[in-house]
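2 protein chains.
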Amino acid sequence: MHNDSQKHTVVIVDDHLLFAGSLEKLINSFPNFRVLFHAKNGLDLQHKLKSEKTLPEILLLDINMPVMDGFETAQWMVENHPSIKILALSMEDDERAILKMLRTGVKGYLLKDIHPENLKLALREVIEKGYYHSEKVAETLLNSLNPTEPQVQLNLKENELTFLQLACSEMTYKEIAEIMNLSPKTIDGYRQDLFNRLNIKNRVGLVMFALKNELIHI
Amino acid sequence: MHNDSQKHTVVIVDDHLLFAGSLEKLINSFPNFRVLFHAKNGLDLQHKLKSEKTLPEILLLDINMPVMDGFETAQWMVENHPSIKILALSMEDDERAILKMLRTGVKGYLLKDIHPENLKLALREVIEKGYYHSEKVAETLLNSLNPTEPQVQLNLKENELTFLQLACSEMTYKEIAEIMNLSPKTIDGYRQDLFNRLNIKNRVGLVMFALKNELIHI
DNA sequence: TTTTAAAATAGGATTTTCCCTGTTTATTGA
DNA sequence: TCAATAAACAGGGAAAATCCTATTTTAAAA
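Protein sequence lines correspond, in order, to chains A and B. Just so we're aligned, residue 1 is where the first sequence starts under the working numbering, counting upward by one. Just so we're aligned, residue 1 is where the second sequence starts under the working numbering, counting upward by one.
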């Protein structure tokens, strides 16, 4: 048995209190780890890191949070507390999300459907090796190197994006022009340009394109 | 201290192993409850209920699951094991979901962001009173009785629906008319009728309406 | 300071959309 | 069979959208 002072410290950031609470119980049941506290989101974490005297070795970070989500929080942590190792926790195995987090410098990425035993393993590895990569993450990394679908890189300029989003409303182009402080003829140009580049025939096509590429949400 | 045989029994159904596992730890730490086992989804639960000799008193059921989700599972349970009390667990406080579950007969509805202490309370109440209703659920029930937005009942006729769906393509109304074997003027009528009824200004409005009402999917 | 490229703007023609007020053609119930 | 009603269809005009081909303005680079 280890006494608390020998144990590695963990802080949990998750807006789901029930999950955070249970997770704490689970982690505290691991002989080598103990949870210092948990935070509801990135902002809450910032405050608590200031007020608490002890900094954790590991941060278990949920990426789906309101207010200040996992990405922002990870970035802030890397900048302000680079020594704290971040283990990202996520519901979905979204490839883009995984890559984004890895790029900001998290030490591991866990899916919430992993076996509790794997969490223990991940925590141990992060302490010992400095990182933990599950199979899924490794696979994603490979996929990203060898992209199956080149995914039409949409180079939308700021104005084009704005126009596209406004085109999904019931406004006329003239009204859109007014809002954007541009001549209707300029809007005319934006539209035609998009039609050509995206192989689109009319405004409905624009709307569908925006939808498919999540440029707007219903 | 209670010995196991005196404790109330719980089974967890959740596809997120980590959550299920931690939750088990948490519940087992409650003096009056113990977890018998957990299942990944409804199907898994069916199998396990058959093979295990002991039936639980309470079923903690996640509603967001692949394979056989919370709704189906709840229905099956009510039909096949009506004596087992169901506590639904959900990430989102989706009003429709709450109502749907309550109607199928679950004894309570918990959000995953509740405080662990509330879970203990909910379990106790379900055993003692037979149900547990959090504030949110009570509020939702009130809302459902007094609907703020009457939700335009959309009485779309077959042809109108078809037109609406085709209007979400890049076809002109003339082309749509051809496909539907109708005069362009008839299509004109359909459109105008929908504009008036749905308070829509132009074709983009039609597309957004179809999207919002899931008449088409992206 | 030129040169250059991109962004913004125009003119003008054609098509499509939108809107209003009708008429004709089924369909159905008395 | 005869209204009554709904569905389909039309004419015609105004507004908006689409599609060309330029020109002007702006910003960046040389």
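Hints are not guaranteed to be accurate.
Each pair may be met inside one copy or between any two copies, as identical chains are not told apart.
[As the list claims (entries may be wrong)] Mimicking DSS-like on lysine-lysine, the simulated pairs with C-alpha atoms at most 25 Å apart in a straight line are:
(1) K157 x K120
(2) K201 x K100
(3) K185 x K174
(4) K7 x K53
(5) K40 x K120
(6) K201 x K120
(7) K7 x K157
(8) K53 x K40
(9) K174 x K50
(10) K174 x K53
It is worth saying that the hints were derived from the structure and are not from the lab.
Original post:
Which hints from the list above does the structure break, by number from lowest to highest?
Top reply: 1, 2, 6, 7, 9, 10
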